[in-house]
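S.K.: Read off the chains here:
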Amino acid sequence: MTPRARAVGVAAALAVALVLPLFVSNFRLFQFTQVGVYAIALLGLNVLTGYNGQISLGHGAFYALGAYTTAIMIDRWDVPYPLTIVAAGVLCLVAGFLFGIPALRLEGLYLALATFALALAIPQILKYFEHWTGGSQGIVLSKPNAPWGLPLSPDQWLYFVTLVVLVALFVLARNLLAGRTGRAIVAIRDNPIAAQAMGVNTALYKSLTFGVSAAYTGVAGGLSALVIAFVAPDAFNVFLSITLLVGIVIGGLASISGALFGALFIQFVPNWAQDISKAAPWAIYGVFLILFMYVMPRGIAGALRLALARVGRRGTAARA
Amino acid sequence: MLTRTILSALIAALALAPAMTMAADTPGVTATEIKIGNTNPYSGPASAYGTIGKALGAYFKKVNEEGGISGRKINYITYDDAYSPPKTVEMVRKLVEQDQVALLFQTLGTPTNTAIHKYMNQQKVPHIFVATGATKWNDPRNHPWTMGWQPNYQTEGRIYANYVLKNLPDAKIGILYQNDDYGKDYRKGLHDGLGDAAKKMIVMEQTYEVTDPTIDSQIVNLKNSGANVFYNVTIPKFAVQAIKKAHDIGWKPLHLLNNVSSSLGTTLKPAGLEASKGLITALYMKEITDPQWKNDKGYQDWVAWMKKYYAEGALDDQANAYAYSVAQTLVQVLKQCGNDLSRENIIKQAASLKNLELPLLLPGIKINTSATDFAPIEQEQLAKFDGERWVLFGELYDAAKK
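Residue numbers (this note's numbering), protein chains in the order written: chain A, 1 to 320; chain B, 1001 to 1402.
To be clear, the hints were calculated from the coordinates, so they are not data collected in a lab. All of these numbers come straight from a predicted model, not from anything done at the bench. Don't be surprised by glycine CBs; every beta carbon is placed ideally from N, CA and C. Worth double-checking, as some hints may not be accurate.
[Stated by the list, open to error] For the chain B half of the interface with chain A, some residues (derived, Cβ under 10 Å), not all of them: (1) E1090; (2) H1117; (3) K1118; (4) A1134.
[Unchecked claim] Covered by chain B, according to a simulated footprint, are these stretches of chain A (three or more residues, beta-carbon under 8 Å): (5) 20-27; (6) 136-147; (7) 215-229; (8) 232-239; (9) 274-287.
With the rest of the complex left out, here is chain B:
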């Protein structure tokens, strides 16, 4: 009897052994810790985004205080890359080869992530939920270790095209976009969405450089082109100028404002709530400066977390809400991994998110991924600004279904 017990215990131990060694073999994973690497621009031209990296750390602090994930604390290592691709390469190599992180999470920027794209896939280290809206991160066939998170800019462009085709068949569209990959992705989305109608409908396209002082002349040109739809692809600083200028010169087109600048706090209030009336945008998150969420549980929990763990962070900066949500997505992935924290399983679980809803995503928006779908958020909803808040209308647009 005793022998049999010992024997079965031995067999059980043998059966468990591979799972145990697997966990032990993954760099950065011990019985009590999982190491996660990140780069963010804490200095340099894009340092405004640095708050994301800090907020992520603050969220993991909360997770650790609450006991970690399956008993493992998150050891979050983040380095400054100053938004410079060579520095990103160096810092990421340090994270992977020297610090031996289990995975790379939320590295920020399109050029910076492009610089490490190939490397991460050669090293077979999960490179997940990168902080950029470019389209190329959803490419599981060629880059099975890299995954985006937010809806990509082209998808959003197609949503606006859809809306225009349905509601304004005789639209004359004027476009203003930033002359880089971000602006061009948005532009391409609209063009693709309009299809054959693009040639007929788009009457003028204007660009600006991110270093330009003003875009007033572009707005005047767009008005004079006779456009009755204004597709405004600008970052907040220029969105404020565009909304103000259009209002001042009495141009009243259907104004489609990209999600990048949809914050009340950073765009609409500085531009003037009256001038902002009638703006249309596509949202996937709750705008934290929008009064309609004041009594929302998700919003209140977020504020409580901000006050306790990230007091120096700004309560009107959407980036902090973004970081909160993306960190929650990672926590879900790690929970799903259970005790198998091999790199293979981490990326597998990241690609197995099913109908995940987060407190700061719009109601009804669900995160779904699969082995062939590396685009976690693909739903957005149109909203119109009524002078006080964004009023959601129409149904959820789902890029995965179109």
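In isolation and in its complexed conformation, chain A is listed as follows:
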């Protein structure tokens, strides 16, 4: 894809995102806000799995950690909600980094299993610290209203908050991945020994990548607590972690825009499946999954890239 085509694509997506609230109902907007939240989480997971090659089946745990950080800070200490989102990110950065250190000893499937354990454990851990988390009753929050007397509904305001965070984090990820650091991260995935020989501190980079990835997912979790205005252990079961993994694979591994496509998929396809068949929605979902994987083995982002490259080639050929 040429840089120009990419710039046009990004600008178009941003324009659509900005005018969307004018055209859709509050309910639809709420769904798109969830897409934004998922996209942030998926980008985090994609940095780890897509770019760095570490498979995580436990990112739902960081999502939960972020959500609970936000919920507890608002509920207990009346902290302004923007601060709680930052706190969710920082806390998950530290937690992810620390988890990344022992995870260094684990490769591939073994790491997947270790993270899977994290996903399994988190609902019970949340119930155990009942004093803080409210146990299985969870914590009920209020949706923040738009500040400064802006004429926006709470749904519209949260949409824009999510959009701003999303854009900021996407730009950050792009800058991180496009430079030296990004090359090191990818080199570790492609050939850890060669990367080490070139002077990349693989241990540090892997742990850091884990931390950054968890931070993204934690921010997403914090935002989700605001959007849903409720947290409870049942919201963060193993299935969430698997859904996130599905999102990055369908969206496109090692692709920034893939996070957005993946988020659209995990938000809307289960609903479509239910509309098609009430009796067996997950069978329909499965069919969708297989179709997507068969038709677009590199995810939606990969397929788009391929299609654009073909159009581009044809264009050059015609001119020649």
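Fit chain B to the known structure of chain A by using the hints.
M.R.: Just chain B now, with coordinates in the frame of chain A:
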């Protein structure tokens, strides 16, 4: 003369107009249809309850085939929330904002309903007969749009406490409960009911996680504590284990089994009828697997309905009887609404049920609600298992009167 007739007709029309526009103004209500929304876990960890959502649909099908309610057919829209609160929020917003249902009925689960509790009351959409036994749904002052249906767990706990205080003044109680809000509500009910005696009487409390494989060691601990009363707050899977294990190790306490696991089909038979002898529970519905109801008209009608409208549903699953009964309660509410199906009137009529008896509730149990009482079923009766059936004894316990 003619002018006068026209004039009076006009006046009559004007007087009727507000009532008519009211009906037309309520989302989800037309002259021929009333839209009702629901969420149920058709997938995920709690999918065993999904049968309730399907049975509700089957009951409304029967209602519609018989002509609907005041000429209106029920359009029942149910979505899967997989027992995940965020999904419930999304699906309920879809029902309210996009599908424009008139009311929300029987949404299932405590955490899932908690997630939409505030929203429903802000939107002022009836959120009635929720499928959970938590205590918080009876709060008309702060949440005037939400209402429960079944007796809550704390009430039942108090019934057992009452029984123990009266009959076993020197009881030593051992408790086993599931470590979540369901178990804790039951535990709290017993503690509250015992009052000052709780400290003296309760000799041991054991918990388990719903994901545990077995509770054998808890039973052994409870036996060794010297307890002579066993308060068993477990779901069927663990109730079977508890009854079996207590029997196997020769522990013979007064065994109080919570209503959640009182089914012959899913608990007592798998545990062994001999081992189950002497169990005491509190009931509000007829246990459909209990042979004493075999010739009961209410039971037979239910079986006939199951066979005709919900053939794929299990005849030994109490949840299907539960759904049948709660759907009948809603039909009564809608009938009471007459032609005014405004949301205000729907919740008002839900809170104006007077001595409603249903075919599958125990004889004598009546549903009563009022503007200050959002707990439809508050009566239960103790029953003892004689090796074959639940034998009701004592009088109906009425939580509203205590």
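S.K.: How about the stretch 136-147 of chain A: do at least three of its residues have a C-beta closer than 8 Å to a C-beta of chain B?
M.R.: Per the Cβ count (5), the hint holds.
S.K.: Counting residues of the stretch 215-229 of chain A whose CB is closer than 8 Å to a CB in chain B, do you get three or more?
M.R.: With 3 residues in contact (Cβ-Cβ under 8 Å with chain B), the coverage given for the stretch 215-229 of chain A holds.
S.K.: So is the stretch 274-287 of chain A in contact with chain B by the C-beta rule, three or more residues under 8 Å, or is the coverage claim wrong?
M.R.: Since three or more residues must qualify, the claim that chain B covers the stretch 274-287 of chain A holds, with 4 doing so at under 8 Å.
S.K.: Mind taking a look at whether chain B covers the stretch 20-27 of chain A? Criterion is 3 or more residues with CB to CB distance under 8 Å.
M.R.: holds (count 3)
S.K.: Does B/K1118 pass the interface check with chain A, least Cβ-Cβ distance below 10 Å?
M.R.: holds (6 Å)
S.K.: Less than 10 Å between beta-carbons is the criterion; does B/A1134 satisfy it with respect to chain A?
M.R.: holds (8 Å)
S.K.: Tell me if the interface restraint on B/H1117 is satisfied: Cβ within less than 10 Å of some Cβ in chain A.
M.R.: Because about 7 Å separates B/H1117 from the closest Cβ in chain A, which is inside the 10 Å limit, the hint holds.
S.K.: At a threshold of 10 Å, is the proposed contact between B/E1090 and chain A supported by beta-carbon distances?
M.R.: holds (7 Å)
S.K.: Residue count check for the stretch 232-239 of chain A against chain B: does it reach three with CB-CB under 8 Å?
M.R.: With 6 residues in contact (Cβ-Cβ under 8 Å with chain B), the coverage given for the stretch 232-239 of chain A holds.
Every hint, counting from the list given before, is met by this structure.
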